[in-house]
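Asks: Sequence:
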Amino acid sequence: MDNNLLEIKDLVIEYHTDDDTIYAVNNINLSVKKGETFGLVGETGAGKTTIAKSILRVLPQLQAKIKSGEIYLEGENLLDLTEKEMRKVRGNRVAMIFQDPMTALNPIETVGFQIAEAIRQHNSITRAEAERRACDMLETVGIPMDRYSEYPHQFSGGMKQRVVIAMALACNPGLLLADEPTTALDVTIQAQVLDLMRTLKKDLDTSVLLITHDLGVVADFCDSVAVAYAGEIVERGTAAHIFKNPSHPYTLGLFDSLPRLGSTQKRLKPIKGLMPDPTNLPEGCRFCERCPNASDECAKSAPGDAEIEPGHIVKCFLASQSSAERQAAGETEAPGAAPAAVPAGQGSAERQPAKERNGAAALLEVRNLKKYFKAPRGGVLHAVDDINFTLEEGRTLGVVGESGCGKTTLGRTVLHLLEPTSGQIFFEGEDITAPSKRQMHSLRGNMQIIFQDPFSSLNPRMTVSESIMAPLKIRGGMTKADMLDHTRKLMDTVGLAARFENTYPHELDGGRRQRIGIARALALEPKFIVCDEPVSALDVSIQAQIINLMLDLQEDRGLAYMFVTHDLSVVRYISDDIMVMYLGQMVEKAPADELFNNTCHPYSQALLSAIPVPDIDDKTERILLKGEITSPINPKPGCRFMARCRYAADECTKVQVLEECSPGHFVSCCKYREIRN
1 MDNNLLEIKD LVIEYHTDDD TIYAVNNINL SVKKGETFGL VGETGAGKTT IAKSILRVLP
61 QLQAKIKSGE IYLEGENLLD LTEKEMRKVR GNRVAMIFQD PMTALNPIET VGFQIAEAIR
121 QHNSITRAEA ERRACDMLET VGIPMDRYSE YPHQFSGGMK QRVVIAMALA CNPGLLLADE
181 PTTALDVTIQ AQVLDLMRTL KKDLDTSVLL ITHDLGVVAD FCDSVAVAYA GEIVERGTAA
241 HIFKNPSHPY TLGLFDSLPR LGSTQKRLKP IKGLMPDPTN LPEGCRFCER CPNASDECAK
301 SAPGDAEIEP GHIVKCFLAS QSSAERQAAG ETEAPGAAPA AVPAGQGSAE RQPAKERNGA
361 AALLEVRNLK KYFKAPRGGV LHAVDDINFT LEEGRTLGVV GESGCGKTTL GRTVLHLLEP
421 TSGQIFFEGE DITAPSKRQM HSLRGNMQII FQDPFSSLNP RMTVSESIMA PLKIRGGMTK
481 ADMLDHTRKL MDTVGLAARF ENTYPHELDG GRRQRIGIAR ALALEPKFIV CDEPVSALDV
541 SIQAQIINLM LDLQEDRGLA YMFVTHDLSV VRYISDDIMV MYLGQMVEKA PADELFNNTC
601 HPYSQALLSA IPVPDIDDKT ERILLKGEIT SPINPKPGCR FMARCRYAAD ECTKVQVLEE
661 CSPGHFVSCC KYREIRN
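So the sequence shown is residues 1 to 677, counted in the numbering used here.
Note that these hints are calculated values from the structure, not bench results.
Keep in mind that this is a model prediction, so the values were computed, not measured.
Ideal placement from N, C-alpha and C gives every residue a C-beta, glycine not left out.
Certain hints may be false.
[As the list claims (entries may be wrong)] EDC-like, lysine to aspartate or glutamate: derived pairs with alpha carbons at most 20 angstroms apart:
#1 K370 with D431
#2 K370 with E419
#3 K53 with E85
#4 K626 with D650
[Claimed, not checked] Beta-carbon label-pair distances, calculated as ranges:
#5 N598 with E297: 48 to 56 angstroms
#6 D509 with E297: 27 to 35 angstroms
#7 N280 with E309: 28 to 36 angstroms
#8 G311 with K202: 18 to 26 angstroms
With the sequences and hints as input, model every part of the structure.
Replies: Laid out in structure tokens, this is it:
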């Protein structure tokens, strides 16, 4: 224990409801060394967040019970401390970045005030000094200090997450519990945040327990890794052990589920089935029913821990069989293996252009679309500024860019959830810029959205089945039995177990709430869906299932998607074309492979360089963006990226226009000829 900052021994945690006992964590053992970053990965429901909350002792008192075990922080058992003593630990010695930023922010206080109060809670300093430090923390996570006095509802999802990160880091804790800290962040801010956490770890000898489903982040950031499944640790070791010699079938399944940049695979390979019911766990191996290598022994008895090499522990009867042997048998691809080369002109997922597949015509056309808002202190915020694009049936337009660039506003304006300031929108050749009631009724069936924050889009008084069924009731024409049958099929499609049918949103984690939103969007069988970060809250296996589902639906029904995301691996896999936005403007647009292989705009280059790759040997040079983000309020003529661009010159102060640098490839940069890949 001498070198361990945190040590968890034989931890068992149960949740008790009126009807059942949920076995959430079962005999967990793990330790985090001083100055170490420890990654905890696994699907939704594996018990990762419960473990983190038990360290801070913030589990719901009326439901959760730590049945047995010990949690030591610097040799002190936290389970022996009083609540008063724990208040001195929380936020000071141990801080936590929660998965859902809205649950950690007070909606009636400004973000700056909340950070300053966290600082004052544990430091004997004046309010003015706390405010100065709060401003510094905001700038550290990429938020201008002039937004100090704004409220959480005025921030995008990614920016709210940055505020929570700033609050957690404000008191320089010795142990940082980071529960999906970069899930809602675009890759450039993610790179900055990870760089910040890496610097903090080095300068202050801080330890980090990182909970995430992003194996690319784990490869880039973690020293040691544990893989959790159904309340157990099924594999643990150094990052080199897990990424170079993954040995548990579940770990191998996670790697197989990932979309790989440049891969020629036609479909992702999700792990079949669902995690077992935590109220009725199997007697044998908990992964048995989903395991491709399961035997009769696996179903009858639970495997113990096997050390297959020093420090590499696997809970599996087949642990002695190395991943190299499984790869030789053709069962899996090595996680760090380079993808097969992609022939010139071929899509990353071998998907042919929609027009060649089915002769599809233009479904959606947007001309010179603008959406402006009045700024709180005067002026006009240019959220969407002169956007043009055409989307055909059966095609996907990926929209990427940092939080606050206008991606979500663009999608909502196209759907008329926000009224456009100017420009034109055509759907199936019909002008819907100012739709009549008849047009709106038709549009609501044909145009749907999957929201970024599922919790705020769900009625807390409606059960899962009621939420999914709501669009069917509004449309009418189906019996109650037919609607319920259709709802159950949708739940099965998006990976929601039947036991959640009568569950309420607050009883589910973020990943399952997101699946409700996806099922609801599919209920009316629309022609066009705005997908606003539809898989950002999902673990990699369910993400693979959803992506495969969306591709199947697109192929079968000619669905068109506007896919808004910060995950560039996903956007390349699923998109036909990609649009890059920066502060309301389109700075680059091209076919997916063309954009990745022949990047022209310096902002696009920074985005692509920041993609986390699940390979610990990846040596890609990250382009960390520096400088002030130009205000979108009454912006000056010229390039809005200029203040952060490493190629900025005097000519960048002039108005930038979109140029077609190659067929179908448009870029708004006066220096693209000098800097293109």
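Asks: Now tell me if each hint is right for this structure.
Replies: Results of checking the hints against the structure:
Proposed proximity of K370 and D431 is supported: the alpha carbons are some 16 angstroms apart, at most 20 angstroms. A distance of roughly 10 angstroms separates the Cα atoms of K370 and E419; the hinted pair therefore holds under the 20 angstroms criterion. For the proposed pair K53 and E85, the alpha carbon gap of about 16 angstroms is at most 20 angstroms, so the pair holds. With a C-alpha separation of about 19 angstroms, the suggested pairing of K626 with D650 holds against the 20 angstroms cut-off.
Separated by about 53 angstroms at the C-beta atoms, N598 and E297 satisfy the suggested range of 48 to 56 angstroms. One distance hint, 27 to 35 angstroms for the beta-carbon pair D509 and E297, holds here, with the actual separation near 32 angstroms. Checked against the given bound of 28 to 36 angstroms, the beta carbons of N280 and E309, roughly 35 angstroms apart, stay inside it. Between G311 and K202 the beta carbons are some 23 angstroms apart, a value that agrees with the proposed interval 18 to 26 angstroms.
Of the hints listed earlier, there is not a single one the structure fails to meet.
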